[in-house]
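S.K.: Residue numbers (the working numbering): 1 to 303.
Among the hints, erroneous ones may be present.
Cross-link-like lysine-lysine pairs, in silico, BS3-like; alpha carbons within 30 Å at most [unchecked claim]:
id	residue 1	residue 2
1	Lys197	Lys71
2	Lys110	Lys152
3	Lys110	Lys26
4	Lys168	Lys260
No lab work stands behind these hints: they were computed from the structure.
Since the structure is predicted, the reported quantities are computational estimates derived from the model, not experimental observations.
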Amino acid sequence: MKIIISSHFDEFFMPPEATADLHLVKKEIQKALQDKKTILNEWLKFQNRSKGKFIRAQLALASGELLNLPKDTVIKWSVACELIHTASLIHDDICDQDEKRRGLTTIWKKYGVPAAICLGDFIIAQAFQKLSEIETGWHQTILLNSLSLSMKKIIVGQVSDVGVDIKKISMKDYEQIAYEKTGPLLMTPLDGMFRCKELPESELNGLNKLMNSIGLAYQMINDYKNIKSKKTDISLNHLNFISILMKENNIKNNDKHSIKLSLTDAHDRIIKKLNEIDKYIHQVPIILQPIFISIANQLKETL
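Could you build the full structure based on these sequences and the hints that come with them?
M.R.: Below is the structure:
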């Protein structure tokens with residue numbers, strides 16, 4: 001089954017703070033993804049062919065800089081968030097048996113499952129190592145705790161993903177799994193910076209609701225677009241929220257008229273979820289709101 005943010009956002013607004021120090025983050029990541037003494041280095045080089053857009057690092061950089069936190073804390077936190085994201089993709093590819101990611105052969109397909117598991121574990125260890133280097137001691141404690149809790153949530157989400165019965169799953173189940181799998185990876189970069197700034201619990205709760213809504217909306221849009229692709233989740237027996245709508249309405253895969261109605265229903269549900277994002281934006285610090293407004297608008301434009 002597949003419930004994962006398998007792509008990434010297109011270009012959207014980020015303040016200058018998000019990219020001013022991004023080169024430092026990339027440099028630190030390159031240093032972390034090396035181990036010249038073992039075969040790990042070969043696997044790391046293979047993995048590094050795939051270049052992302054460092055969205056999580058940018059979220060951490062933007063929020064950390066705008067909240068006026070120490071540069072050392074912000075950069076090392078940004079690096080850790082990107083490393084955890086990379087490791088999660090490696091492990092997800094194993095669970096979903098995906099042979100390609102961003103058009104490139106996945107690490108498990110090239111070197112085998114044991115190699116991919118070890119590589120993912122190594123990268124997770126590097127993320128925690130990076131946090132141990134933070135100069136401000138109490139920031140180090142806060143962020144180690146934040147990343148540990150996030151890792152637990154990601155693992156719980158993956159367990160739910162692997163163990164679900166596609167034939168019995170409901171929309172409520174789908175949303176819960178999507179929250180667990182996508183929410184932490186998007187929430188963590190901001191959550192750590194919010195906690196280091198000691199922002200009130202109301203703003204932390206608002207951030208959680210906002211990022212859950214963004215993550216779920218993105219996943220639903222991803223599912224919606226997948227139905228129009230050559231190899232659909234339905235044909236591959238992967239979970240897709242549109243297949244759940246079809247099941248709930250007793251629609252068969254070859255009933256084109258009913259499938260069209262399900263797509264209309266799916267579109268309406270996505271719009272509702274996107275509108276929910278607007279409701280939560282005001283609950284985060286005003287200085288960060290333009291970022292979330294832009295993300296919400298960009299998601300709407302993809303439909």
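S.K.: Next, verify each hint and record whether it holds.
M.R.: Hint check:
| no. | hint | in the structure |
| --- | --- | --- |
| 1 | Lys197 x Lys71 | 13 Å, holds |
| 2 | Lys110 x Lys152 | 28 Å, holds |
| 3 | Lys110 x Lys26 | 25 Å, holds |
| 4 | Lys168 x Lys260 | 23 Å, holds |
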